[in-house]
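S.K.: Here the protein sequences come in this chain order: A and B.
So in the working numbering, spot 39 of the first sequence is number 40, and the numbers just go up one at a time.
So in the working numbering, spot 66 of the second sequence is number 131, and the numbers just go up one at a time.
Derived from the structure by calculation, the hints contain no laboratory data.
The calculated lysine to any residue pairs, modelled on SDA-like cross-linking and capped at a C-alpha distance of 25 Å, are:
#1 A/Lys101 / B/Thr103
#2 A/Lys58 / B/Glu168
#3 A/Lys43 / B/Thr103
#4 A/Lys43 / B/Glu168
#5 A/Lys43 / B/Thr85
#6 A/Lys43 / B/Arg134
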Amino acid sequence: QQQVKQSPQSLIVQKGGIPIINCAYENTAFDYFPWYQQFPGKGPALLIAIRPDVSEKKEGRFTISFNKSAKQFSLHIMDSQPGDSATYFCAASIGGNNRKLIWGLGTSLAVNP
Amino acid sequence: DTGVSQDPRHKITKRGQNVTFRCDPISEHNRLYWYRQTLGQGPEFLTYFQNEAQLEKSRLLSDRFSAERPKGSFSTLEIQRTEQGDSAMYLCASSWGLAGDYEQYFGPGTRLTVT
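One chain only, chain B, in its complex shape:
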């Protein structure tokens, strides 16, 4: 399978615990995005990497959230001291990023439930 993969698919955690999600983009894609989607809503942008550089962070990404893409390949999103409001689907997308090529391809998402 050469699409975007995310792990785990589901995560249930207790409030106050830390969680980490992983995203493996399409191998030749240099751009990687994280979005968050709550029930009945469209995805909301969280952060964006070009290669290993994190170039933009949304105001939604509080200081409890951190994302990395250490070698410009896979990325991790960590949430510290989880809160019930963090319960959502966390989506990763990647794109090639050449001029004129804008298509973002999404992974299956990680569903986080904070109890």
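The following block holds chain A by itself, in its conformation from the complex:
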């Protein structure tokens, strides 16, 4: 049972385009939603994260949009560059002491020059 559903599985855009990656969840106890970027052979790197009390957060070229009622959140990458080509994961965690992350299956992004 996939608690965090991510789409699309893969995405190809041209340089300067705005790829959008979507995630949906069912568990309303989730209260923290990070996005990670992973290059081949490397560990995931935290990009940006959001809490459910805000609907949008921007950091540089990365924006998270959050829709609490729809239980969906998405990552937008503005002015995408070939160096952004990587796998992107959404994740979620539940309030409490542990904070273990529940992950989506990932989106492989290719930005063509």
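Dock chain B against chain A, hints included.
M.R.: Just chain B, lined up with the frame of chain A:
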């Protein structure tokens, strides 16, 4: 380098052998996590430490797996009697753990191949 480090980066072992991985978290972080990632999948939670206490273990962590964090600093993950299904990337992450501070920072991972 003040990030999370893991050793070794790659390990090839024969089925039935024991292996041990090490993780050094960011020095002031009191929370440490182990995850496993197979090709084309997102990471899956294995276990979690707060300081030296192991507070949660996933059902994925069979009795062949053991993890320790003896002094609340570095951690080790041991797999006994390895099986081919254990082949994966083993990721370690750490976080500060103060109220409201949830960010987990990951190491580069240890890639295990069981032949």
